[in-house]
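Participant: Here are the chains, one letter per residue:
Protein chains: 2
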Amino acid sequence: MEKKIGKQTYQIANPPIITSTGTVVGPFEGLGPLAQDFDEVLTDLRNEQSTFEKAERSMLIKACRLALDHASFSSAEVDLFLSGDLLNQIISSTFSAVSLGVPFIGLYGACSTAAMGLGLGALILDGGFAGSVLTAASSHNSTAERQYRYPTEYGGQRRTYQQWTVTGAGAALLSYTGEGPRVTGVTFGKVFDMGCTDPLNMGAAMAPAAAETIFQHFQDTGWDPNSFDLIVTGDLGIVGLNLCRQELAERGLNLGDNFNDCGIMIYDLKKQDVHAGGSGCAASAVVVYGHLYRRLKKKEINRILLIGTGALHSPTSYMQGENIPCIAHAVRIEV
Amino acid sequence: MEKKIGKQTYQIANPPIITSTGTVVGPFEGLGPLAQDFDEVLTDLRNEQSTFEKAERSMLIKACRLALDHASFSSAEVDLFLSGDLLNQIISSTFSAVSLGVPFIGLYGACSTAAMGLGLGALILDGGFAGSVLTAASSHNSTAERQYRYPTEYGGQRRTYQQWTVTGAGAALLSYTGEGPRVTGVTFGKVFDMGCTDPLNMGAAMAPAAAETIFQHFQDTGWDPNSFDLIVTGDLGIVGLNLCRQELAERGLNLGDNFNDCGIMIYDLKKQDVHAGGSGCAASAVVVYGHLYRRLKKKEINRILLIGTGALHSPTSYMQGENIPCIAHAVRIEV
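Just so you know, the sequences run in chain order A and B.
360 is the number that our numbering gives to position 143 of the first sequence; each next residue is one higher, with no gaps.
389 is the number that our numbering gives to position 172 of the second sequence; each next residue is one higher, with no gaps.
Be aware that a few hints might be false.
[Stated by the list, open to error] Taking lysine-lysine and the DSS-like style, the derived pairs with C-alpha atoms no more than 27 Å apart in a straight line are:
#, chain 1, residue 1, chain 2, residue 2
1, A, Lys221, B, Lys220
2, A, Lys220, B, Lys220
3, A, Lys220, B, Lys221
4, A, Lys221, B, Lys516
Note that these hints are calculated values from the structure, not bench results.
In this text the structure is predicted, and so the values were computed from the model without any measurement.
Can you build the whole structure from these sequences, using the hints too?
Facilitator: Next comes the structure, spelled out in structure tokens:
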């Protein structure tokens with residue numbers, strides 16, 4: 218069986234199972250519509266840590282431990298840990314790797330990290346290299362906003378098209394044990410610079426990259442969008458999702474009502490004042506590993522396409538007058 | 218054939234060839250003993266760019282283009298681009314990925330990036346997913362020093378145990394075409410925090426992680442260190458290499474005269490005022506893809522073990538009083 222089909226898509230011959238997951242979210246995410254689907258909801262943004270950075274890390278470690286516990290795995294039984302986050306030098310992930318003691322591959326893909334880790338993990342397992350891969354991603358509103366924009370304490374007014382960085386962490390254990398949905402296909406994306414210069418409007422910046430990867434996945438596979446119960450980006454928000462839908466329609470690919478976004482799903486947009494929706498590595502990590510994983514396990518849905526989207530700029534590149542380059546990776550998950 | 222042997226090592230069943238490489242270094246590296254082995258030596262640290270960040274990126278893109286040209290590959294023929302660097306959000310790599318137009322997986326492993334990319338690329342090729350993988354890494358003295366320590370213009374006095382961030386970029390094309398040395402084994406490392414708190418003394422911080430991965434590679438494979446023509450770290454410098462050698466000797470593994478370090482090899486330590494040697498993602502990337510690749514192609518050496526070492530702290534983690542967590546990945550390269 219050919220593993221690479223079309224230009225960018227990999228068929229997973231022996232698809233690994235998402236044996237278990239672990240999710241932790243912040244207090245604000247605990248007020249959203251998916252609260253029941255997360256393993257833990259923090260009562261305090263600092264999670265009893267001395268810094269927000271340590272709070273983020275504590276969530277990431279907890280999500281990993283929960284995923285391991287749910288599968289009755291010890292960390293010593295895990296072959297590789299693939300993780301990333303938004304912080305400079307991905308310190309949430311690297312410091313978590315110390316705690317877990319599992320051989321580590323550090324990833325950077327901004328908000329596309331969960332999909333990238335899931336896809337890369339599937340390749341490594343299918344290649345016969347590992348019996349189990351733990352993959353995780355995290356973000357924290359107070360660490361990310363300070364690093365990329367303003368400290369949250371400053372209380373700056375937000376634009377209507379801005380998204381709200383999700384506080385949370387999600388982890389998934391990929392293996393060939395247990396039961397659960399499987400990762401059956403992956404499309405790794407290219408990086409696009411479509412001339413977007415506004416680091417507050419991430420949805421608009423990421424939409425073309427998402428559209429490109431979605432289009433490529435269907436081109437490569439020849440599948441019909443209607444054969445998916447859900448096609449879900451993470452995280453374009455309202456602005457980006459509309460742009461992405463429009464862009465795809467112009468290219469003849471009409472995604473219907475089963476097209477949604479993790480950043481939109483995680484909050485009650487009418488009651489929670491997040492403007493265009495959620496963002497951050499945790500948005501797709503917790504929605505997929507918490508909410509959608511449960512729905513897949515119950516067979517309420519049987520086939521989804523996750524498109525992780527990432528804005529790959531830095532404050533330095535932005536302040537030096539450069540555009541926002543973006544990427545998207547697609548992962549097919551099937552029961 | 219079992220692909221995973223021992224605890225952390227992967228045997229590559231169908232080892233990919235390092236079909237070609239490309240290397241670019243800064244003017245100062247061009248004064249060192251390996252100058253003849255690099256494809257290009259810049260005459261200007263800025264490489265005619267408006268910022269040092271753009272200069273770094275221009276080197277990375279050039280190294281990738283050189284690797285492709287040397288193998289008569291177009292970027293459209295490359296399946297995946299695996300790259301990382303030291304800058305926040307690995308902007309050198311992400312912006313280079315825009316220019317190359319190849320599906321991209323962003324890596325963060327600090328100075329261990331070249332080894333990590335080479336190892337991960339070998340797994341992906343051996344798994345049958347790709348016909349070719351381009352992997353690269355870069356660093357620039359003026360971008361890294363400013364981000365991690367002081368702007369170079371400040372002219373701060375350096376400690377004797379400090380290393381000098383290498384300005385350069387190296388790329389390797391992995392495939393099953395052409396001739397050349399092959400990647401035959403990989404040991405992905407764990408992250409260790411041995412209590413080092415001084416971000417100026419990276420060699421001491423990284424030495425235990427290097428020793429651990431080297432020890433594990435020999436434990437897993439049962440090989441004899443003498444069967445290697447060279448065991449080379451990248452980049453421990455003088456302080457770290459001595460500590461690593463000592464640590465391994467205490468554990469009964471005596472590495473002889475064929476144990477060296479890319480950060481030591483790249484400079485003339487008597488004439489160039491770099492104190493403990495070179496560091497930065499480019500140190501191992503350009504020494505391995507420039508100097509050692511040529512020696513392997515000429516069969517002056519036939520088997521090397523590269524141990525990429527990375528200090529995974531950030532200025533934020535350091536300023537919040539945290540230790541320097543470190544990692545090392547080993548890659549076996551054989552003619």
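Participant: If a hint holds in the structure, say so; if it doesn't, say that too.
Facilitator: Now for the hints, and whether the structure bears them out:
A threshold of 27 Å between alpha carbons decides the hint, and for Lys221 (chain A) with Lys220 (chain B) the separation of about 21 Å falls inside it, so the pair holds. Using a Cα cut-off of 27 Å, the hinted pair Lys220 (chain A) and Lys220 (chain B) holds, with the two alpha carbons roughly 19 Å apart. Taking the CA atoms of Lys220 (chain A) and Lys221 (chain B), the gap is near 21 Å; set against the 27 Å cutoff, the hint holds. For the hint linking Lys221 (chain A) to Lys516 (chain B), the alpha-carbon distance of about 34 Å lies beyond 27 Å, and the restraint is violated.
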